[in-house]
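Top line first, the protein sequences correspond to chains A, B and C. To convert, count from 1 in the first sequence and add 436; that's my numbering. To convert, count from 1 in the second sequence and add 16; that's my numbering. To convert, count from 1 in the third sequence and add 75; that's my numbering.
Possibly wrong hints are sitting among the right ones.
Said to hold, decoys possible - On the chain A side, residues computed to face chain C include the following (Cβ under 8 angstroms):
#1 446
#2 447
#3 451
#4 454
#5 557
#6 561
#7 564
#8 574
#9 575
#10 577
#11 578
#12 586
#13 747
#14 753
#15 757
#16 760
What the hints assert, rightly or not - A few chain C residues facing chain B, derived, Cβ under 10 angstroms:
#17 298
#18 302
#19 318
#20 325
#21 328
#22 329
#23 336
#24 338
#25 339
#26 344
#27 345
#28 424
#29 435
Stated by the list, open to error - Pairwise CB distance ranges, derived in the manner of DEER restraints:
#30 627/A to 184/C: 55 to 61 angstroms
#31 433/C to 603/A: 37 to 43 angstroms
#32 247/C to 716/A: 42 to 48 angstroms
Since the hints were made in silico from the structure, they are not lab data. Ideal placement from N, C-alpha and C gives every residue a C-beta, glycine not left out.
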Amino acid sequence: MSLTDYGFYILCATAIVLLATQAFTNPKDFFQVTIFGLADGAIYALVALGYTMVYGIIELINFAHGDVFTLGAYIGAAILAFFAGANEGSFVVVNVIALLLVFPIVMLIMGGINITIERIAYRPLRNAPRLAPLITAIGMSFVLEGIMFMWHGAPTVHFPDLLPHGPGFQTTIGGVFFGFKDVFVVVAAAILVSLLAVFINGSKLGKAMRATAQDRDAAQLMGIDINRTIAATFFIGAVLAGAGGMIWGLYFNTIYYNLGFRTGLVAFTAAVFGGIGNIPGAAIGGLIIGLVAAYSDGYIGSKWTEVVIFGILIGVLVFRPTGLLGMRVPEK
Amino acid sequence: MSQAPTENVLELTNLTKRFGGLVAVDDVSLHIKRGEVFALIGPNGAGKTTLFNNVTGLFQPTSGTVVFDGRNITGSKPHEVARLGIARTFQNIRLFDYMTCVDNVRVGRHVRMRAKVWDSLFKLPRERREEVRVTEEAMDLLKFVGIQRQAHQYARNLPYGQQRRLEIARALATEPKLLLLDEPAAGFTPQEKVELMALVKKILARGITVFLIEHDMKVVMGISERIVVLDHGEKIAEGPPDEVRKDPRVIEAYLGKSA
Amino acid sequence: MSTRPAGKRRSLLPPIRFRERMRDRDTAIYGVLIIIALIFPLATIFATDSTFLVSQAGHAGTFVLLAIGLNVVVGFAGLLDLGYAAFFAIGAYTYALFASAQLQASPAHHAYHLPFWLMMFVALFVAAAFGAVLGFPTLRLRGDYLAIVTLGFGEIVPQLFFNFDQWTGGINAIGGIDQPSLPAWITGPWAGANGIAILQNFTCKPFWASSAAPCYSFSFDPIAYYVLVLILIVAAVILVTNLHRSRLGRAWMAIREDEVAAAAMGINTVTTKLLAFAIGASFSGFAGAYYGASFGLVSPDQFYFVVSITVLVMVVLGGMGNITGVIVGAIIIYFVLNSLLPSLPSTVESFASNIGLGFLNDRNGDWPGLAGETQRLQFLLYGLILVLMMLLRPQGIFPSRVREQELKHAAVQEEEAVVEMTHA
Chain A
437 MSLTDYGFYI
447 LCATAIVLLA
457 TQAFTNPKDF
467 FQVTIFGLAD
477 GAIYALVALG
487 YTMVYGIIEL
497 INFAHGDVFT
507 LGAYIGAAIL
517 AFFAGANEGS
527 FVVVNVIALL
537 LVFPIVMLIM
547 GGINITIERI
557 AYRPLRNAPR
567 LAPLITAIGM
577 SFVLEGIMFM
587 WHGAPTVHFP
597 DLLPHGPGFQ
607 TTIGGVFFGF
617 KDVFVVVAAA
627 ILVSLLAVFI
637 NGSKLGKAMR
647 ATAQDRDAAQ
657 LMGIDINRTI
667 AATFFIGAVL
677 AGAGGMIWGL
687 YFNTIYYNLG
697 FRTGLVAFTA
707 AVFGGIGNIP
717 GAAIGGLIIG
727 LVAAYSDGYI
737 GSKWTEVVIF
747 GILIGVLVFR
757 PTGLLGMRVP
767 EK
Chain B
17 MSQAPTENVL
27 ELTNLTKRFG
37 GLVAVDDVSL
47 HIKRGEVFAL
57 IGPNGAGKTT
67 LFNNVTGLFQ
77 PTSGTVVFDG
87 RNITGSKPHE
97 VARLGIARTF
107 QNIRLFDYMT
117 CVDNVRVGRH
127 VRMRAKVWDS
137 LFKLPRERRE
147 EVRVTEEAMD
157 LLKFVGIQRQ
167 AHQYARNLPY
177 GQQRRLEIAR
187 ALATEPKLLL
197 LDEPAAGFTP
207 QEKVELMALV
217 KKILARGITV
227 FLIEHDMKVV
237 MGISERIVVL
247 DHGEKIAEGP
257 PDEVRKDPRV
267 IEAYLGKSA
Chain C
76 MSTRPAGKRR
86 SLLPPIRFRE
96 RMRDRDTAIY
106 GVLIIIALIF
116 PLATIFATDS
126 TFLVSQAGHA
136 GTFVLLAIGL
146 NVVVGFAGLL
156 DLGYAAFFAI
166 GAYTYALFAS
176 AQLQASPAHH
186 AYHLPFWLMM
196 FVALFVAAAF
206 GAVLGFPTLR
216 LRGDYLAIVT
226 LGFGEIVPQL
236 FFNFDQWTGG
246 INAIGGIDQP
256 SLPAWITGPW
266 AGANGIAILQ
276 NFTCKPFWAS
286 SAAPCYSFSF
296 DPIAYYVLVL
306 ILIVAAVILV
316 TNLHRSRLGR
326 AWMAIREDEV
336 AAAAMGINTV
346 TTKLLAFAIG
356 ASFSGFAGAY
366 YGASFGLVSP
376 DQFYFVVSIT
386 VLVMVVLGGM
396 GNITGVIVGA
406 IIIYFVLNSL
416 LPSLPSTVES
426 FASNIGLGFL
436 NDRNGDWPGL
446 AGETQRLQFL
456 LYGLILVLMM
466 LLRPQGIFPS
476 RVREQELKHA
486 AVQEEEAVVE
496 MTHA
């Protein structure tokens with residue numbers, strides 16, 4: 437154990453002690469904040485997975501990923517507008533069918549869009565200096581934000597409120613409020629992450645992805661089609677981000693064109709927190725960052741949340757550069 | 017610092033390096049006398065480059081000590097080791113590809129230069145004088161290894177053999193007392209090997225001790241005074257070329273018979 | 076080639092045509108830039124009868140300074156800094172806090188009015204110090220982590236200026252920032268009533284003096300600021316060029332090319348990278364002080380991520396590592412962002428009326444009118460420009476020769492670092 441490890445543990449312990457104090461003195465508020473945090477964190481986790489997978493395989497900080505997430509929400513809102521109409525906020529069969537149909541559609545569309553982005557903006561620059569794809573990623577981020585801006589302008593956009601809420605779909609346990617929405621977000625994210633885990637560990641493509649992330653040249657020599665594997669990574673990342681965008685929309689019912697910028701940075705922090713390139717790490721990192729953001733909003737003040745999150749980002753990199761679950765890699 | 021020069025330039029005592037469960041260098045002790053050519057040989061994966069990396073500070077030894085010129089340098093940083101007077105080349109040439117040859121060598125002079133940030137920012141006279149001097153020294157070194165005509169080409173544009181020479185010139189620029197050459201003859205034609213052996217002799221004549229890893233037995237037998245053989249991280253033989261050549265353990269290691 | 080006369084030592088050097096060509100191109104670009112810089116104010120004032128364009132050029136100069144500074148970090152030393160605007164903010168706030176009435180209302184209850192010429196250097200050192208403090212723990216980490224840490228730092232700093240509103244005014248910004256002034260005894264074309272009269276007659280009270288003395292204040296005169304920023308840029312170019320061709324500059328490039336080999340040659344990689352980081356930050360601090368003075372107002376939202384990215388884009392598009400390229404890149408990107416894109420809506424509108432499609436200009440239901448739609452297009456266009464530029468010319472407009480070659484060979488050498496072990 438090095439000095440930095442101690443620093444890391446001391447920081448974590450301090451945070452836990454402070455939160456535990458809150459949990460004892462005012463459990464009702466504490467658990468309420470925790471629920472908000474878990475719901476947020478589940479969404480961050482979905483977005484963080486895309487960052488971590490892409491970074492793991494081509495070492496690119498994909499700045500456009502946050503905007504892929506937002507675009508997923510925009511496209512979802514547009515398609516849902518055909519279905520729902522007057523059924524907002526209640527439990528009707530139409531809503532269920534609409535969601536069951538629209539989720540896969542949006543996920544596939546986003547996957548397709550992300551593959552296109554990779555093909556156009558990143559693949560030609562794979563052997564260029566590392567800054568070149570980074571700049572095109574930023575450019576693609578502006579392009580996506582620009583498309584959404586042209587589509588609906590700067591004002592916020594309403595996302596159809598298709599999840600049931602109100603009496604009958606909520607409960608209070610010990611003064612802590614639970615809604616169906618909160619449960620839905622966490623369960624939906626958990627299902628998606630589990631599916632991803634099964635895919636990565638079980639399928640041939642998943643194995644190819646892991647191999648390519650380890651050593652691209654060696655994977656190529658073993659007959660793995662690198663282009664196809666990288667495209668698949670972008671596809672899966674965007675599928676999760678698109679689903680994340682839908683879930684965000686259903687949960688908050690408000691979206692805006694540059695939503696992805698901040699969400700993306702926070703999700704990226706989550707990916708770093710969990711150890712960039714590490715898939716379970718990104719999921720757990722997302723949850724933790726969601727909780728941290730919620731506690732910060734609740735106990736410190738929302739204007740400090742950004743400082744807290746990025747402070748954690750810097751702290752983690754300084755004290756534990758491999759992240760929470762990251763493996764010790766030799767430093768370059 | 018004018019201590020009497022020790023007889024041994026480098027002494028390794030019970031040096032061990034582990035990577036997880038793998039023991040790359042296993043309890044190796046050896047000493048290199050001032051002014052000799054000392055060779056480290058052994059089959060692939062024997063831990064030769066790992067041993068170099070432990071000496072030059074790229075790795076921290078798991079246990080054991082490295083004593084250079086009477087000073088314990090175990091665990092020193094690479095740049096500290098270079099400053100003390102150990103220079104090296106790399107097995108898979110590591111030049112500064114997009115810098116000119118003369119700049120590569122001038123980087124080697126870095127550690128012997130005095131210019132501080134302020135001198136450079138304002139191009140003070142002493143900085144200018146130092147730059148002129150260092151450029152001349154760099155040109156001399158390029159001439160010493162025989163590639164002065166390529167001085168202003170990018171390092172990556174040189175043919176392979178000249179890149180190896182440039183790497184040696186760059187290492188010599190740090191004014192080492194001990195020069196570590198990691199497979200300097202790899203991929204060389206017989207003619208180039210002869211030239212390399214002549215170059216090593218010239219380096220020796222400058223009073224620099226040479227410690228080399230080499231696979232080519234002709235080169236090793238031709239220039240080195242003593243040889244250490246490493247197999248699976250362990251030292252299995254040590255002595256003058258003729259003795260080592262006849263050692264049954266060495267023959268066994270090279271013929272691949274596992275005990 | 077056995078012996079040579081001592082006096083003819085240099086003649087042994089091989090032909091240096093390559094170097095000469097490189098210098099020639101740079102000299103030509105510098106020459107053109109200087110001529111344009113001198114003609115620009117005269118021409119625009121003559122043509123438009125206003126100094127608006129000159130003040131724009133002064134503002135562009137800030138970005139040129141920033142790009143020159145970031146180039147030290149990114150282009151020379153190969154470190155990726157995604158939070159460069161943070162140091163810019165630190166420089167600007169350092170000047171704004173100590174050269175305005177701001178601290179009167181703060182818990183300090185005392186307004187400081189320190190002179191610009193002093194604060195410019197204070198801002199420089201403050202920014203460099205922050206660069207060193209941030210760099211010290213992070214520069215020993217892998218390269219990408221530095222990018223991420225700087226990104227986080229870049230997000231935090233403006234937020235802190237925003238949050239500590241007791242001191243910084245937060246969202247209300249710091250206004251009424253002091254103007255630089257020159258003592259009256261410095262005479263020149265600006266001084267006389269019959270001269271160009273760039274500066275107005277003024278009295279100033281230097282912070283050390285007990286009574287006011289005559290002086291010339293810049294008082295937002297665009298030409299004065301234009302001249303000042305030109306001087307700053309020239310100084311910056313000279314200093315950075317000196318560094319580039321020095322022991323330190325070579326050490327930076329060596330680290331950029333191969334960190335392990337650089338360390339083996341005796342370069343202390345941590346302190347050398349730290350120097351690049353701090354020197355880069357100091358330029359930003361310097362530019363920040365100038366920006367605070369010339370704009371007269373400093374607020375947190377002037378220093379968000381977009382600024383860091385814009386400067387990075389200037390460096391990369393101009394041609395990393397090459398000072399002339401970076402200057403040209405900064406000017407082009409500034410022009411695109413602040414002149415070309417904003418003027419697009421009206422241009423398109425008048426073009427539409429001219430070719431008989433004037434009906435497109437009217438608002439109609441969801442259609443915000445052609446101008447409005449073009450307005451909305453700006454974001455998209457900027458993004459497209461970035462992507463296309465990178466795809467068509469990834470080495471930048473004027474790449475350093477180094478980068479150009481790198482792309483021609485296109486063989487990316489994977490950093491093998493410690494994995495040498497596997498070959499051993």
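Hints, one by one, checked against the model:
Evaluation of the residue 446/A hint against chain C yields a violated restraint, the C-beta minimum of about 16 angstroms exceeding 8 angstroms. Taken as an interface hint, residue 447/A does not check out: its beta carbon lies about 14 angstroms from the nearest beta carbon of chain C, beyond 8 angstroms. With its C-beta approaching chain C no nearer than about 18 angstroms, residue 451/A sits outside the 8 angstroms limit, and its interface hint is violated. Interface restraint check for residue 454/A: the shortest CB-CB distance to chain C comes to about 20 angstroms, outside 8 angstroms, so the restraint is violated.
A least Cβ separation of about 5 angstroms between residue 557/A and chain C falls short of the 8 angstroms threshold, and the interface hint therefore holds. Because the smallest distance between the Cβ of residue 561/A and any Cβ of chain C comes to about 6 angstroms, under 8 angstroms, the interface hint for this residue holds. For residue 564/A, the interface hint holds, since its Cβ comes within 8 angstroms of a Cβ in chain C; the closest pair sits about 4 angstroms apart. At a threshold of 8 angstroms, the smallest CB-CB gap from residue 574/A to chain C is about 6 angstroms, leaving the interface hint in force.
For the restraint placing residue 575/A at the interface with chain C, the shortest Cβ-Cβ distance is roughly 3 angstroms, inside the 8 angstroms limit, so the hint holds. The restraint placing residue 577/A at the interface with chain C holds, with a minimum CB-CB distance near 7 angstroms, inside the 8 angstroms limit. Hint status for residue 578/A relative to chain C: holds, with the closest Cβ pair at about 3 angstroms, below 8 angstroms. Annotation: residue 586/A was flagged as interfacial toward chain C, and the flag holds, the nearest CB pair being 5 angstroms apart, inside 8 angstroms.
For residue 747/A, the suggested interface contact is upheld, since its CB lies about 6 angstroms from the closest CB of chain C, less than 8 angstroms. Because the beta carbon of residue 753/A sits about 5 angstroms from the nearest beta carbon in chain C, less than 8 angstroms, this interface hint is met. Hint status for residue 757/A: holds, given a least beta-carbon distance of 5 angstroms to chain C, under 8 angstroms. Restraint check, residue 760/A versus chain C: the minimum CB separation of about 15 angstroms is more than 8 angstroms; hint violated.
A cut of 10 angstroms between beta carbons decides the hint on residue 298/C: the least distance to chain B is about 29 angstroms, and the hint is violated. With its C-beta approaching chain B no nearer than about 23 angstroms, residue 302/C sits outside the 10 angstroms limit, and its interface hint is violated. Taken as an interface hint, residue 318/C checks out: its beta carbon lies about 5 angstroms from the nearest beta carbon of chain B, inside 10 angstroms. Using the Cβ-Cβ criterion of 10 angstroms, the hint placing residue 325/C at the interface with chain B is satisfied: the shortest such distance is roughly 5 angstroms.
For residue 328/C, the interface hint holds, the least distance from its beta-carbon to any beta-carbon of chain B being 6 angstroms, beneath 10 angstroms. For residue 329/C, the suggested interface contact is upheld, since its CB lies about 5 angstroms from the closest CB of chain B, less than 10 angstroms. Given the 10 angstroms rule on beta carbons, the hint for residue 336/C holds: about 4 angstroms separates it from the nearest Cβ of chain B. About 4 angstroms separates the beta-carbon of residue 338/C from the nearest beta-carbon of chain B, less than 10 angstroms, and the hint is met.
Residue-level restraint check for residue 339/C holds (minimum Cβ-Cβ distance to chain B is 5 angstroms; threshold 10 angstroms). For residue 344/C, the interface hint holds, the least distance from its beta-carbon to any beta-carbon of chain B being 7 angstroms, beneath 10 angstroms. A least Cβ separation of about 9 angstroms between residue 345/C and chain B falls short of the 10 angstroms threshold, and the interface hint therefore holds. Among the interface hints, the one on residue 424/C is violated; its C-beta lies about 48 angstroms from the nearest C-beta in chain B, farther than the 10 angstroms criterion.
Checking residue 435/C against chain B: minimum C-beta separation of about 51 angstroms lies over 10 angstroms; hint violated. Against the hinted window of 55 to 61 angstroms, the Cβ-Cβ separation of residue 627/A and residue 184/C comes to about 59 angstroms, which satisfies the hint. For the pair residue 433/C and residue 603/A, the supplied restraint of 37 to 43 angstroms is violated, since their beta-carbon distance comes to about 56 angstroms. As the Cβ distance of residue 247/C to residue 716/A is approximately 45 angstroms, the hint placing it in 42 to 48 angstroms holds.
In summary, the numbered hints that this structure violates are 1, 2, 3, 4, 16, 17, 18, 28, 29, 31.
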